[in-house]
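A.B. asks: Spelled out, the chains give:
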Amino acid sequence: GAVVSQHPSWVICKSGTSVKIECRSLDFQATTMFWYRQFPKQSLMLMATSNEGSKATYEQGVEKDKFLINHASLTLSTLTVTSAHPEDSSFYICSARPAFFGQGTRLTVV
Amino acid sequence: SQQGEEDPQALSIQEGENATMNCSYKTSINNLQWYRQNSGRGLVHLILIRSNEREKHSGRLRVTLDTSKKSSSLLITASRAADTASYFCATDDEGALIFGKGTTLSVSS
Numbered sequence: 001g002a003v004v005s006q007h008p009s010w011v012i013c014k015s016g017t018s019v020k021i022e023c024r025s026l027d028f029q030a031t032t033m034f035w036y037r038q039f040p041k042q043s044l045m046l047m048a049t050s051n052e053g054s055k056a057t058y059e060q061g062v063e064k065d066k067f068l069i070n071h072a073s074l075t076l077s078t079l080t081v082t083s084a085h086p087e088d089s090s091f092y093i094c095s096a097r098p099a100f101f102g103q104g105t106r107l108t109v110v
Numbered sequence: 111s112q113q114g115e116e117d118p119q120a121l122s123i124q125e126g127e128n129a130t131m132n133c134s135y136k137t138s139i140n141n142l143q144w145y146r147q148n149s150g151r152g153l154v155h156l157i158l159i160r161s162n163e164r165e166k167h168s169g170r171l172r173v174t175l176d177t178s179k180k181s182s183s184l185l186i187t188a189s190r191a192a193d194t195a196s197y198f199c200a201t202d203d204e205g206a207l208i209f210g211k212g213t214t215l216s217v218s219s
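Top to bottom, those sequences are chains Y and S.
Read in order, the letters of the first sequence correspond to residues 1 to 110 in the working numbering.
Read in order, the letters of the second sequence correspond to residues 111 to 219 in the working numbering.
Chain Y on its own, in the form it takes in the complex (with noise of 0.2 Å):
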């Protein structure tokens, strides 16, 4: 079955530095995939829409040029965390169809 497969699983990070988690789809093609964010005890929340080749669709109350997305080839999108404040630790997920997930990456800013 299709793999994905997300980098770094856990990261800790200080105030104001960024992260990037990468997403890749080992077998597949993925013109499309999905950023979701679930903070503890609480639901996923899809945060944007990755598409290859132009501009990320992001959800409302999503922060564009706070979670910077680059989805430049057909394998690998990229989600930025910028100026990370300890309100934006959380578990990252990505996925690039339905029912196929990165292992997600738990942030953690100190």
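In case anyone wonders, no lab produced these hints; they're calculated from the structure.
Among these hints, one or two may not hold up.
In silico DSS-like cross-links for lysine-lysine, where the CA-CA straight-line distance does not exceed 30 Å [said to hold, decoys possible]:
| no. | chain 1 | residue 1 | chain 2 | residue 2 |
| --- | --- | --- | --- | --- |
| 1 | Y | Lys64 | Y | Lys41 |
| 2 | S | Lys211 | Y | Lys41 |
| 3 | Y | Lys55 | S | Lys211 |
| 4 | Y | Lys41 | Y | Lys14 |
| 5 | Y | Lys41 | S | Lys136 |
| 6 | Y | Lys64 | S | Lys179 |
| 7 | Y | Lys14 | S | Lys136 |
| 8 | Y | Lys20 | S | Lys166 |
| 9 | S | Lys136 | Y | Lys64 |
| 10 | Y | Lys66 | Y | Lys14 |
| 11 | Y | Lys55 | Y | Lys20 |
| 12 | Y | Lys14 | Y | Lys64 |
| 13 | Y | Lys41 | S | Lys179 |
To be clear about the criterion: a stretch of chain S counts as covered by chain Y if any three or more of its residues have a C-beta under 8 Å from a C-beta of chain Y, and this derived list gives those stretches [as the list claims (entries may be wrong)]:
| no. | region |
| --- | --- |
| 14 | 121-135 |
| 15 | 173-179 |
All values derive from a computational prediction rather than experimental measurement.
Note that the Cβ used here is the ideal one computed from N, Cα and C, for glycine as well.
With chain Y fixed as given, assemble chain S onto it according to the hints.
C.D. replies: The following block gives chain S in isolation, referenced to the frame of chain Y:
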């Protein structure tokens, strides 16, 4: 946005008992999916039921779908301690998934 509610929010049972979780959604759907998430981990796809299906089985899992009521249920039979996890329903919106709030299931031995 989230699609709807899941009921109950938390469920504690003994091993061997059955666990039933319910999910309601708001819009018309092509399919509905159920996922499991172990604490702090990624998602595991459990089962997909299409809008023209009313019931589907997979091992100890039984899913029903009532499109007239916009609701679905997940039944786990003969539960095990390893079933302890959070369970989410999700509807597919052109590839993006809209998740319910989830049910946290705790199975004690």
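A.B. asks: Each hint should be assessed against the structure and marked as holding or not.
C.D. replies: Hints, one by one, checked against the model:
1. Between Y:Lys64 and Y:Lys41 the CA atoms are separated by roughly 25 Å; this keeps the pair inside 30 Å, and the hint holds.
2. Proposed proximity of S:Lys211 and Y:Lys41 is supported: the alpha carbons are some 9 Å apart, at most 30 Å.
3. Simply put, Y:Lys55 and S:Lys211 have alpha-carbon atoms about 29 Å apart, close enough for the 30 Å limit, and the pair holds.
4. Between Y:Lys41 and Y:Lys14 the CA atoms are separated by roughly 23 Å; this keeps the pair inside 30 Å, and the hint holds.
5. A distance of roughly 22 Å separates the Cα atoms of Y:Lys41 and S:Lys136; the hinted pair therefore holds under the 30 Å criterion.
6. Between the alpha carbons of Y:Lys64 and S:Lys179 the distance comes to roughly 36 Å, so the proposed pair goes past 30 Å and is violated.
7. Note on Y:Lys14 and S:Lys136: the hinted pairing is violated, with a Cα-Cα distance of about 40 Å set against a maximum of 30 Å.
8. A hinted pair counts as satisfied when its Cα atoms are at most 30 Å apart, and Y:Lys20 with S:Lys166 does not qualify at roughly 40 Å.
9. Only pairs whose Cα atoms come within 30 Å are accepted, and S:Lys136 paired with Y:Lys64 is accepted, the gap being roughly 27 Å.
10. A distance of roughly 15 Å separates the Cα atoms of Y:Lys66 and Y:Lys14; the hinted pair therefore holds under the 30 Å criterion.
11. Simply put, Y:Lys55 and Y:Lys20 have alpha-carbon atoms about 17 Å apart, close enough for the 30 Å limit, and the pair holds.
12. At roughly 21 Å between alpha-carbon atoms, Y:Lys14 and Y:Lys64 fall within 30 Å of each other, so this suggested pair holds.
13. Our distance criterion of 30 Å between C-alpha atoms is met by Y:Lys41 and S:Lys179, whose separation comes to about 27 Å.
14. Residue count for the region 121-135 of chain S with a Cβ under 8 Å from a Cβ of chain Y: 0. That is fewer than the three needed, and the coverage hint is violated.
15. Counting residues of the region 173-179 of chain S whose beta carbon lies closer than 8 Å to any beta carbon of chain Y gives 0, which falls below the threshold of three, so the coverage claim is violated.
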